[in-house]
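Add chain B to chain A, keeping to what the hints say.
Listed here are the chains, written in short residue letters.
Number of protein chains: 2
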Amino acid sequence: MIAEDLDTAINEWPDRLREGQLATVGGEASELPLPDLVWVLERLRVRDRAIVFRLLPKGLAHEAFERFDEGLRAELFTSLRDDQVITLFGDLDPDDRVHLMDELPANVARKLLQGLSKHERELTAPILGYDRGSIGRWMSTEYVRVLDTQTVLEALTQIRHRGRDAETIYTVPVTDSSKQLVGVVSLRELMLADTGRPVGQIMNEPISVAASEDAEAAARRCLDAQVLALPVVDKEERIVGILTVDDAVRIISQAEEEDAARAGAAEPLGRPYLSTPVRTLVRSRVVWLLLLAVSAVATVGVLDHFEGDLSQAVTLAVFIPLIIGTGGNTGSQAAVTITRAVAVGDVRPRDVGIVLLREIRTGAALGARLGTLAFVAIALVAVFIEGYGLDIGLVVALSMLAICTLAASVGGVIPLFAKAVKIDPAVMSTPFISTFVDATGLILYFVIAKMVLGL
Amino acid sequence: MIAEDLDTAINEWPDRLREGQLATVGGEASELPLPDLVWVLERLRVRDRAIVFRLLPKGLAHEAFERFDEGLRAELFTSLRDDQVITLFGDLDPDDRVHLMDELPANVARKLLQGLSKHERELTAPILGYDRGSIGRWMSTEYVRVLDTQTVLEALTQIRHRGRDAETIYTVPVTDSSKQLVGVVSLRELMLADTGRPVGQIMNEPISVAASEDAEAAARRCLDAQVLALPVVDKEERIVGILTVDDAVRIISQAEEEDAARAGAAEPLGRPYLSTPVRTLVRSRVVWLLLLAVSAVATVGVLDHFEGDLSQAVTLAVFIPLIIGTGGNTGSQAAVTITRAVAVGDVRPRDVGIVLLREIRTGAALGARLGTLAFVAIALVAVFIEGYGLDIGLVVALSMLAICTLAASVGGVIPLFAKAVKIDPAVMSTPFISTFVDATGLILYFVIAKMVLGL
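As they're listed, the protein sequences go chains A and B. All residue numbers for the first sequence refer to the working numbering, where the first residue is 1 and numbers rise by one. All residue numbers for the second sequence refer to the working numbering, where the first residue is 1001 and numbers rise by one.
The set of hints was computed from the structure by calculation and includes no laboratory data. Careful: at least some of the hints might be erroneous.
Claimed, not checked - Covered stretches of chain B (in silico footprint by chain A; criterion: 3 or more residues with CB under 8 angstroms from a CB of chain A, positions within the stretch not fixed):
#1 1127-1134
#2 1222-1233
#3 1242-1250
#4 1294-1302
Claimed, not checked - Which residues of chain A face chain B? A partial, calculated answer using Cβ under 8 angstroms:
#5 A261
#6 V300
#7 N329
Here a beta-carbon is modelled for each residue, glycine too, at the ideal position from N, C-alpha and C.
So here's chain A without its partners, still in its complex pose (with noise of 0.2 angstroms):
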């Protein structure tokens, strides 16, 4: 899938670099695919990854920077003479131009804004407008609309003399005169339909994104859709630009991305492994460990407290990691299974009443079967080691039944209570879960004990 030199280009560049085999790699580079080249950048150290970007033609260099992680745009950016900056600055698409700005110090942003032609600054401004994380914020502002009254013909006349600059041409917004959006036609029903009749007959019924709306439920929308763009609007109703499918997709993978990380607790990288230092790795996991850390001290002191009845049954102890951990498993089941249907929209905080009884109940099922097994499984042991009793295996089949059905229902139901919130479902899944059904299962572990042993 990945050929053999890139490798070799990974390998051989910083050396010969170093060497001063400037022109050759510069030659090598731009003989590279697209795709390709800005997976080789993307691995290359900081230095070798800004030298080689200026050994590049001007036009490529300028496509391989727009396709780069997010995280390392404003690194390469920063490396970059004061004229290549302005002029990549200038070329980039509005909506990449606001993303940068967001990573760049406020001054710098400014003052780069201030250098662009009117042209390009008049682009940009809409896109500023809006919230940090709506839609807006990714909406290009180079489309090609044609109104309702004109005919196929004229459409297409259109598309072709402005088409060369838009982002899309293959989905088409249809408005009246006052740029209220009426329609969508994509260039496909456009070119296959009679010349002479007026867009108006042929377009179809236009769904729609708010500029104000959610970036991530906007994009999904998108992708459902199975469309090649949607028109963006603002509150009148009035067209204001247009989500591409493209750019739906790097929303919708960033936010994977984080959801994935944040699942085993830790921060989204964004950018590559391998070109990410130690530090950073570091830092995008210990505030997180640390947060766990600090809760999982709620398992110190229930501990502390029931360290009387565990010095009485000491084979208590040995059951703890395999208690907690079937809780931390069955609650961490629920939870991406929540998450999951949240991210996509099946169940909605709304629905928390549902979810929790389908929980219960699931839960409830499987803390049956595991605690038979193990009851008969300890039923076994206790035939042969000393120490081990039915009482034992009692308390371990009654903590996973309870332990389970605990589980399972603040795990499906804590997403819920995030999204309603407001805060990332994510963020508070499954790590967060498993400490608050560590600590909790421990209680009900020990009272179930005492009651059946007795202490």
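Chain B only, in chain A's frame:
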């Protein structure tokens, strides 16, 4: 985002169907925009879904069917009458048809295939020839291609004539007379070019995928290349189909769902959560839980082995959940990071050496920070509470250092081994790693405790 009336539909349609108001429900359903209709249908009970589906006009029903989650299609399909089955099957895109056949009993699938028109059978056969899991199973065999010797005008005319049935006309593969792929041209380039030029002069170098290639890798390449479609070629570089961006999105989204589920030790549902029966939820989780519980028996074995030491120093038991929790979290942080990096092609199995080194450094840095903190905290507590001393603090601190280093390395390396032996890295990731780290972490903890405390 999702309108109130969709909720009303879900709540009221079943009652109205029972009251016999079939025409009203059918009418309301037909009025909904397609994505909304799909959303509602997917959330109805099996029986209600089948009834509403049969009330829809044929064209709309077929479009909705193509968008259902995989898991629902076969279920719905088997609830239809024979004549509906035959027209629906004939109407499906060839690649959707093949996916449906994979879900149906072999004899039913064979009979359906025989019932197709010769033309449709010819479009379906090539797809059936490729392995499940390969991109050949997802390609569309309905595409328009043009010759490099044709003029732009001839190409556009051909697209107009043949484009009605094609899956996409925006990315047009260019071949020589022997169907060998020689380039790709976008409809946009054709529309903006001089009509008299030969296509060979304006076409681009083709980026293509081999039909036998892994579906997920090919889909990522399509999205990375930011193209609307990729030509699919056979071993001789002859074109056999086309992969469209919406199929690529679908492939990735299924893969992401699978990874997310497995990171939390559950199997993906392949259908909306709320329409999944509880027994299916239990089934999707129980095998994982059992597997993990059985491996967690290792922790019971370890603790049983050290039970003598435990009864000498019961305070050691108090820190068990904190120690193994921290180990599990560190391991899962590394695992999700590397699993993601493998999925997007940032890291490959051959990078195992670099990854191991980086994760050892990261884990040690994290362990040192957490260990120091734990030592200070326990030292402070020791002033006030009997039974806690600097020696216990030292045991916990050293254990954290050792376990974090171990967990990060194991978590980083295991997904790479899984990938190398062609197991889904997500399967081997978080839950297995934490179970493994639990047992080995406990051994480290007790070995360190015996050394420091002189048990």
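Going through the hints against the structure:
1. 1127-1134: violated (count 0)
2. 1222-1233: holds (count 5)
3. 1242-1250: holds (count 3)
4. 1294-1302: That given contact holds, which follows from 4 residues of the segment 1294-1302 of chain B lying within Cβ reach (below 8 angstroms) of chain A.
5. A261: holds, 6 angstroms
6. V300: holds, 6 angstroms
7. N329: Holds. Min distance 5 angstroms.
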